[in-house]
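So the sequences go chain by chain: G, V, R and E.
Per the numbering used here: the first sequence = residues 1 to 353.
Per the numbering used here: the second sequence = residues 1001 to 1353.
Per the numbering used here: the third sequence = residues 2001 to 2353.
Per the numbering used here: the fourth sequence = residues 3001 to 3353.
Treat the hints with caution; some may be incorrect.
To be verified - Keeping only pairs whose Cα atoms sit at most 25 Å apart, straight-line, the calculated PhoX-like set for lysine-lysine is: (1) LYS197(G) with LYS164(G); (2) LYS1065(V) with LYS2303(R); (3) LYS2197(R) with LYS2303(R); (4) LYS1008(V) with LYS2065(R); (5) LYS1100(V) with LYS269(G); (6) LYS2008(R) with LYS8(G); (7) LYS1164(V) with LYS164(G); (8) LYS8(G) with LYS1008(V); (9) LYS3269(E) with LYS3197(E); (10) LYS1100(V) with LYS1303(V); (11) LYS1269(V) with LYS1049(V); (12) LYS100(G) with LYS1269(V); (13) LYS2008(R) with LYS3008(E); (14) LYS3197(E) with LYS2269(R).
Bear in mind the hints are in silico, worked out from the structure with no lab data behind them.
Here is what each chain is made of, one letter per residue.
Number of protein chains: 4
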Amino acid sequence: MDANTFGKLFRLTTCGESHGPALAGIVDGCLPGVPLNEEIIQAELDRRKPGQGGPAATARREEDKVRLISGVFEGVTTGTPIGFVIENTDQRSGDYSQIKDVFRPGHGDMTYQAKYGVRDYRGGGRASGRETACRVAGGAVAAAMLAPRGVTVCAQTVELGGIKAESHDPEGALGRPYFAADPGVVDAWDKRVRALKAEGETLGGVVEVIARGVPAGLGEPVFDKLDARLAYALMGVGAVKGVEIGSGFFASRLLGSENNDEILCPGPKGFASNNAGGVLAGISSGQDLVIRAAVKPIASIAKPQRAITAGGEPATITVGGRHDICAIPRIVPVLRAMVLLTLADFWLLAGRR
Amino acid sequence: MDANTFGKLFRLTTCGESHGPALAGIVDGCLPGVPLNEEIIQAELDRRKPGQGGPAATARREEDKVRLISGVFEGVTTGTPIGFVIENTDQRSGDYSQIKDVFRPGHGDMTYQAKYGVRDYRGGGRASGRETACRVAGGAVAAAMLAPRGVTVCAQTVELGGIKAESHDPEGALGRPYFAADPGVVDAWDKRVRALKAEGETLGGVVEVIARGVPAGLGEPVFDKLDARLAYALMGVGAVKGVEIGSGFFASRLLGSENNDEILCPGPKGFASNNAGGVLAGISSGQDLVIRAAVKPIASIAKPQRAITAGGEPATITVGGRHDICAIPRIVPVLRAMVLLTLADFWLLAGRR
Amino acid sequence: MDANTFGKLFRLTTCGESHGPALAGIVDGCLPGVPLNEEIIQAELDRRKPGQGGPAATARREEDKVRLISGVFEGVTTGTPIGFVIENTDQRSGDYSQIKDVFRPGHGDMTYQAKYGVRDYRGGGRASGRETACRVAGGAVAAAMLAPRGVTVCAQTVELGGIKAESHDPEGALGRPYFAADPGVVDAWDKRVRALKAEGETLGGVVEVIARGVPAGLGEPVFDKLDARLAYALMGVGAVKGVEIGSGFFASRLLGSENNDEILCPGPKGFASNNAGGVLAGISSGQDLVIRAAVKPIASIAKPQRAITAGGEPATITVGGRHDICAIPRIVPVLRAMVLLTLADFWLLAGRR
Amino acid sequence: MDANTFGKLFRLTTCGESHGPALAGIVDGCLPGVPLNEEIIQAELDRRKPGQGGPAATARREEDKVRLISGVFEGVTTGTPIGFVIENTDQRSGDYSQIKDVFRPGHGDMTYQAKYGVRDYRGGGRASGRETACRVAGGAVAAAMLAPRGVTVCAQTVELGGIKAESHDPEGALGRPYFAADPGVVDAWDKRVRALKAEGETLGGVVEVIARGVPAGLGEPVFDKLDARLAYALMGVGAVKGVEIGSGFFASRLLGSENNDEILCPGPKGFASNNAGGVLAGISSGQDLVIRAAVKPIASIAKPQRAITAGGEPATITVGGRHDICAIPRIVPVLRAMVLLTLADFWLLAGRR
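Sequences are here, hints too, so could you generate the full structure?
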């Protein structure tokens, strides 16, 4: 719960800029005896790779090769901090000279300057989505710890460019373009993406993350509610502008009798519905956790926009180039990782081993 | 950022159950020299009092009288922790004997039992909305510190029972029933509330909180983004099921060129729009912060619902009595307090004095 | 680990000035189901009362009556925060008007002024030893949690005014004047105390705290070592100027073969000696924890001293009145409480229940 | 203030085992605009290198080459986390096969096993003094931030093997063997070290760290006192068994009139003495901070000792080889680094920029 550290007992600390020498992360607090190696982490990182998402993806090639440097011995975690490094192999600083002097709309150029008075403008520096590689790597460690304990997390895109998936199949989403909830919607999304790309536009969507096997009793009652921490986790990912749990914003229009989940018998399957999204009074009920994040359109558009220079002069900027036109699908494994990291932390906070 | 502590440098720690002897809170980290007394805090607490909200309010009478016990000397804060106590004067435990044995739908009875194995069932114990009195008191201290520094926060109800306010006037909301954004909508809300009350139903709505005068540069770039912490703050209030900032969920349907806020000239007024809601890359831009929270309908309804007993037997429960039928308007000063507490913390984290 | 909060999972937050309305504390994180009531806490507080220590004690009468306001239901803790209030019944502000304008040697008057620019000078305000009442109350909660789990902590005075106890009997210390380690030394200490009191002098000593039943495996390997946190805990008590564990400073003069504790057989009794003081590489070994704190003489002496006024002018001050002449014995239950609080925290950090 | 993270606002997180692929650290919270590069950090690391200390040093050759991977742009810090990696180039695991099965006296083998159930036994793994390289690198960043702000820290060995330095010259210590406080004592120390080395023995000593230019007003009044945090910082370094500030343990034998530092005129030079060691009531007074750490003899001795195997059987172990026979002088820059890290944190906590 710090600037660059996530979690209280299961803690991920990261560093690295888009065009610096390397990214790195340290996972502290992982239980000992968890089978882990570079391949396990690499498999998750590869899901975040460009090219997973059809036409929405950037042409830029990033080789995110993770190297484990500590905390694993003879194939299992030792309880000491797990360090990893991801080299930046594709540093073409020349591409970004334009943004040195102009504050791009929708980007953090201006706010970084306000906060720090200095910034590494190359590729967005620390504000680049590149930092999310470390989140995914950290989430892979959390997944490795939680899976043998019965907790799994999946994620699916349920809406893109205003077009909703009609059916949900989160377990199958991993194998589909856009990590789509519904195979039937992919063509429509492809068409929309291609059309907007031609216009120099970008678009957004909604991603749903579902955690299964979460035992009842995780979370804290007042400030550190499980849903509060999940909201923190997802809203802290760049491009996310809204987070909801269970029936979410729709709950504000339901009657009490419609929104309450009646209880028919004990156990996670005993509820008549899951409008709560798996959390009651900030504590997990044993039902699936269901969280959705609203993803804004990518701010870098290939159209002229009004902006100002660092000196305060009006300017027009067109941020062309090799950018994604939608944070989806690459953000999907990132959001999943954030839920995994949150659950790993609450697992330990509950004294579970 | 703990179970019962909110914030890192400006920290509110609270305790107290609905029907225990008293509530108390400790605000640690408030700057010295801030004018403060019991009246200032009491004025905020009074806004949370039943009866502020017309027909939606409970008939139950709570006298929330705050007593300051430390941290203030000769009318100003000293920099040492500010302690306050609010006695529980209306403890009628007899009213709640029914819920001792049955887990109410939509309440934390079951999850508290799963987490702790024991619970103070009287009036919901710690899970009762009563704990929010301490949030409001803490927020009053934050407001006292921030106001002379130019930061003010207001809140308004923008939707109730599915009926939206047509115009927004946040500064005037304080004086209206439901803290309504729009005086013209109050009659329709009254009518809806009365009708549902007669049916034994409850309802929800949407509250918007706006912070003005927040300087550019507050927040952290990666995990501890300002918007992430605001989401944490609001989602941690009971009954909130969704949080969004700026254009929020709507942003997921906009094009990049629609959602980006073009920059016309330097300064907080220099943006062409505020879809970002005042935050870029996790850091305040100087524009107004605009955050909305989705409030679910109150779970206690005067209709029979299926539930189970602590022993796992099916049961039917009707939670009648003296309950509010909507968390609005009482939740409005609570949400405002959470934004104030968050901003006070980031103020200090930025090294401001 | 904050200004006024101690611990990470078992957290004590306190407030209150010497001459303000009241002190209060909130213990967050205590396990549920621990038998607790006001009598249990009061019994510990009474050990800190003036008059426990023979001639070293102040004549001032403090009635530290603790009132529990939350977190306990039907005689056991519920897992929610445990709040307590101790009223200040003996507020005679008039006694302290002199120190309003003069910075006393050895006191925090000057440093508080430098830090805050304002201070509650009455009786030392927050810097008064009076705040330690909350530590003792918090420690009583920790003791209530740990005792049924086999962990007990005792404390004894091993040196006073330069006169060492010749034998150690920590379990019996509770019943002796000065909480003396050795009944045979009490007369010599009495004599020394009386003689110095007559001269207007004050004196210090050394206190040893011993924890028994601490299981092997508590603590963290690098920064958050168990001994590091114990040092933090004890050095954070006013008047403590040094902390050592096991053979402590004496270890710096031993050879490796002398200082190493050979291991003869498994288990806490299997070591040939305990120079380590129960901690190896920052983690408990199962042996008794043995920690000593050096307590400086009370700074308030009944002799004229050179000082300066708040305005920077030279002054002479004689701090007479109703002061203790030694922090021992009143500091002894405080130091014991700090070790208890530390161990309760590491108990939870280790995932123990 | 976590297992592998030090500090609250200026935070160092580290990872790495003695014989793993590499060590790494992340410094989060450093102010922007601080001139920094690899050379500055390397210069500090080189002081920790074997061979700085004459005959006490190991023959083992470690090349601690630091590589900066983030947080620095165009020669200055950017405010984003500063990552560094130090490769382990000298991994000879074969040397350590003996300690796989035997718990060495005075080492963490047994306690790591108790805590984690698994351990990287090669060279002590995480418990090796090798982790302190990251502390020194982190301390170098703190020094780079603090020096232009007027705060400097030096360290000197004041006692070795029971032989005290007769005079103190901390500023010159850096250039002397053992970082000796007194050039005149070096020969005696050399002689003692040689004699004990021949016997297969090891020895300890006392190190003093002095911080100059610390402004009045750093620290917190109750739990998070500046001296408490310094004690935490130093006691958390392996081999340290005691910490004292100012007159320290000696204060326990002084009279109040002897120990109080009279105040003659305003300002850091206005005190008649510095028994307080620069801290009053937990807050810096502006005087020099003076802290001493007791360093135990190295536990690895070249003599047979009784021990047990992991299976609980009695064993005899002789830990020969290429070990240092004293943690001094290599621990000296480590202790200095810990004070620097602590002060950088309190600098930020005080809102200073």
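What hint numbers does the structure not satisfy? 2, 4, 9, 11, 14
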